[in-house]
Amino acid sequence: MKPIYLMLHAFTIAFPLIRSFEPKVKYAKKWIALFPAIFITATVFIIWDVIFTRNGVWGFNDQYLIGYNILDLPLEEWLFFITVPFASVFIYECVFVFTKIRSTPLLRTFSTVTGLALVLLAVYNAERAYTFWAFCLTGVFLTIISSSNPRWLGKFWLAYALHLIPFFLVNGILTGSFLEAPIVWYDDDQNLGIRLFTIPIEDSIYALLLLLMNVSFFQYFKKHFIQTKH
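Numbers given in this note's numbering equal positions in the sequence shown, counted from 1, plus 17.
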């Protein structure tokens, strides 16, 4: 047994956890808004994860796990929906604090068109479970959010772009980069079969939804729980 998946969690969360008390970002003081956002989003993704795991859309290599399962999901997979959002929203919050990017009509149009395009691609690939649900859910949620024209939309897109850097590293390892076998395997009949290195292209859309949901709820709870000038 090589607990590599668990080690990836430690790697993912280490820097943002240490920097949570940095006086400019003050991330720790915003946990009151962050953790409800993580809990709500994780509930949706865990239900999705359990269904897909039980139906063989994806699965996990026991060679890299510590061996504890809950509802057919490894403990490490449950932790994924805590550590990854924690680190990803930290990137967003740094962008939020240190940049002055605003939402623009062009950016709103881009977001809406992207959302609608994802829905259309989902319908076109309805026979591929991962492609359909990742594209459909992301497209619908993105369209809804862009229609409300939040002031933080520009900062979100920049944060998403920046978070793709650690995404390619961590998700690359999860999907088999630098390892004898992937930690997470996929039934390629249920996706497009297009890989970014070892990563199914659907994972980048999945990551978009994961970050967008967490940021949306985080912003909502910040507005109600925390006084902010931004």
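What the hints contain is simulated information worked out from the structure, not anything from laboratory work.
This structure is a prediction, so every number in the text was calculated from the model and none was measured.
We put the beta carbon where it would ideally sit given N, CA and C, even for glycine.
A few of these clues could be false.
Claimed, not checked - Calculated lysine-lysine pairs in the PhoX-like style (CA-CA distance at most 25 angstroms, straight line): (1) K240 <-> K46; (2) K43 <-> K117; (3) K43 <-> K239; (4) K46 <-> K117; (5) K19 <-> K240.
As the list claims (entries may be wrong) - For each label pair, taking beta carbons as the anchor points, the in silico distance ranges come out as: (6) F214 <-> A134: 20 to 28 angstroms; (7) F242 <-> I161: 36 to 44 angstroms; (8) N166 <-> I68: 29 to 37 angstroms; (9) R36 <-> I57: 31 to 39 angstroms; (10) Y85 <-> A134: 38 to 46 angstroms.
Hint check results:
1. K240 <-> K46: With Cα atoms ~14 angstroms apart, K240 and K46 stay inside 25 angstroms; holds.
2. K43 <-> K117: holds (18 angstroms)
3. K43 <-> K239: Satisfied, since the Cα-Cα distance of roughly 13 angstroms is no more than 25 angstroms.
4. K46 <-> K117: Within the cut-off at roughly 21 angstroms; holds.
5. K19 <-> K240: Outside the cut-off at roughly 43 angstroms; violated.
6. F214 <-> A134: 20 to 28 angstroms: Holds, at about 24 angstroms.
7. F242 <-> I161: 36 to 44 angstroms: Distance hint for F242, I161 is violated at roughly 23 angstroms.
8. N166 <-> I68: 29 to 37 angstroms: holds (33 angstroms)
9. R36 <-> I57: 31 to 39 angstroms: violated (24 angstroms)
10. Y85 <-> A134: 38 to 46 angstroms: holds (40 angstroms)
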